[in-house]
Amino acid sequence: SQQGEEDPQALSIQEGENATMNCSYKTSINNLQWYRQNSGRGLVHLILIRSNEREKHSGRLRVTLDTSKKSSSLLITASRAADTASYFCATAGLKAAGNKLTFGGGTRVLVKP
Amino acid sequence: KAGVTQTPRYLIKTRGQQVTLSCSPISGHRSVSWYQQTPGQGLQFLFEYFSETQRNKGNFPGRFSGRQFSNSRSEMNVSTLELGDSALYLCASSPSNIGLAYNEQFFGPGTRLTVL
Numbered sequence: 001s002q003q004g005e006e007d008p009q010a011l012s013i014q015e016g017e018n019a020t021m022n023c024s025y026k027t028s029i030n031n032l033q034w035y036r037q038n039s040g041r042g043l044v045h046l047i048l049i050r051s052n053e054r055e056k057h058s059g060r061l062r063v064t065l066d067t068s069k070k071s072s073s074l075l076i077t078a079s080r081a082a083d084t085a086s087y088f089c090a091t092a093g094l095k096a097a098g099n100k101l102t103f104g105g106g107t108r109v110l111v112k113p
Numbered sequence: 001k002a003g004v005t006q007t008p009r010y011l012i013k014t015r016g017q018q019v020t021l022s023c024s025p026i027s028g029h030r031s032v033s034w035y036q037q038t039p040g041q042g043l044q045f046l047f048e049y050f051s052e053t054q055r056n057k058g059n060f061p062g063r064f065s066g067r068q069f070s071n072s073r074s075e076m077n078v079s080t081l082e083l084g085d086s087a088l089y090l091c092a093s094s095p096s097n098i099g100l101a102y103n104e105q106f107f108g109p110g111t112r113l114t115v116l
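Residue numbers (this note's numbering), protein chains in the order written: chain A, 1 to 113; chain B, 1 to 116.
You may find that some hints are simply not true.
Dumping the calculated DSSO-like pairs for lysine-lysine here, alpha-carbon to alpha-carbon at most 27 Å [as the list claims (entries may be wrong)]:
| hint | chain 1 | residue 1 | chain 2 | residue 2 |
| --- | --- | --- | --- | --- |
| 1 | A | K26 | A | K56 |
| 2 | A | K112 | A | K69 |
| 3 | B | K1 | A | K70 |
| 4 | A | K112 | A | K70 |
| 5 | A | K26 | B | K57 |
| 6 | A | K56 | A | K69 |
Short, incomplete list of chain A residues facing chain B, as computed with Cβ under 8 Å [to be verified]:
| hint | residue |
| --- | --- |
| 7 | S39 |
| 8 | G42 |
| 9 | L43 |
| 10 | A81 |
| 11 | A82 |
| 12 | A85 |
| 13 | F88 |
| 14 | K100 |
| 15 | L101 |
| 16 | F103 |
Honestly, the hints are just simulated from the structure, not real lab data.
Glycine is no exception: its CB is placed at the ideal position from the N, C-alpha and C atoms.
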């Protein structure tokens, strides 16, 4: 079963606009990660935020984490057509050792030129 | 460094057959994980291998198995295939070491399995 839900399930924006997607999860985590997937291909790691961090930036990406609400958001600023993809959040559990990630259902983002 | 490679990229099998998928991790990565992706269930964790030992296991039936070799390459096997096993199978490697986990994972392009 999936750890969390992502909202919205799909998002359509114009190039240059910002895209925001949210992720909620159910159990305590060690960290939360965001991945991008282009058209049924492999996933590309975007950013990792640890449970003791509240915000993290990487280029045009900004991720926030609110452990009290068990939620995270991913903001893509100044979107480009190349940002069209599905975006997934994934959590690493607090107690489990190793690299078991639990993924959300994903947000499909379409950036129109 | 070369990325994670998976072979084959596409596979068509019939019900009842078995299949073996292969994954070569990034050089130096000792952790290899497998995930199944379907439209209905999304991305689900199958298992993780580290230093030739299964370290984590997801909630899949025993028909799904895997192993890891001394060079960190991994294989997963699905026996007695069912229609519902049709999916994209993704392999991911991580530079995880003992006691240091929860790193980012580097995914391969996947093997798309179709069961007829």
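Legend entry - Proposed proximity, K69 (chain A) with K56 (chain A) (alpha carbon, max 27 Å): 17 Å, holds
Legend entry - Hint check: 8 Å Cβ-Cβ cutoff, S39 (chain A) to chain B: 11 Å, violated
Legend entry - Hinted contact A81 (chain A) with chain B - closest CB pair below 8 Å: Hint violated; A81 (chain A) Cβ to chain B Cβ min 22 Å, cut 8 Å.
Inset, instruction - Sort out whether K56 (chain A) lies within 27 Å of K26 (chain A), counting only the CA atoms. - result: Roughly 21 Å between the alpha carbons, so the hint for K26 (chain A) and K56 (chain A) holds.
Legend entry - When the least beta-carbon distance from G42 (chain A) to chain B is tested against 8 Å, hint result: 4 Å, holds
Inset, instruction - For the hint on L43 (chain A), just tell me whether its beta-carbon gets within less than 8 Å of chain B. - result: Hint holds; L43 (chain A) Cβ to chain B Cβ min 4 Å, cut 8 Å.
Inset, instruction - Verify the proposed pairing of K112 (chain A) with K70 (chain A), using a straight-line Cα cut of 27 Å. - result: Judged against 27 Å, a Cα distance of about 31 Å means the pair is violated.
Legend entry - 27 Å Cα cutoff - pair K112 (chain A), K69 (chain A): Since the Cα atoms of K112 (chain A) and K69 (chain A) sit roughly 32 Å apart, the hinted pair is violated (cutoff 27 Å).
Inset, instruction - For the pair we were handed, K1 (chain B) and K70 (chain A), check the Cα-Cα distance against 27 Å. - result: 36 Å, violated
Inset, instruction - Would you check whether A82 (chain A) satisfies its interface hint, that is, whether its CB is within less than 8 Å of any CB in chain B? - result: This interface hint is violated because 18 Å lies over the 8 Å limit.
Inset, instruction - With a cut-off of 27 Å on the C-alpha distance, tell me whether K26 (chain A) and K57 (chain B) pass. - result: Cα-Cα ~20 Å, so holds.
Inset, instruction - So, F103 (chain A) near chain B? Judge it on the closest CB pair being under 8 Å. - result: 4 Å, holds
Hints 2, 3, 4, 7, 10, 11 and 12 from the list above are not met by this structure, while the remaining hints are.
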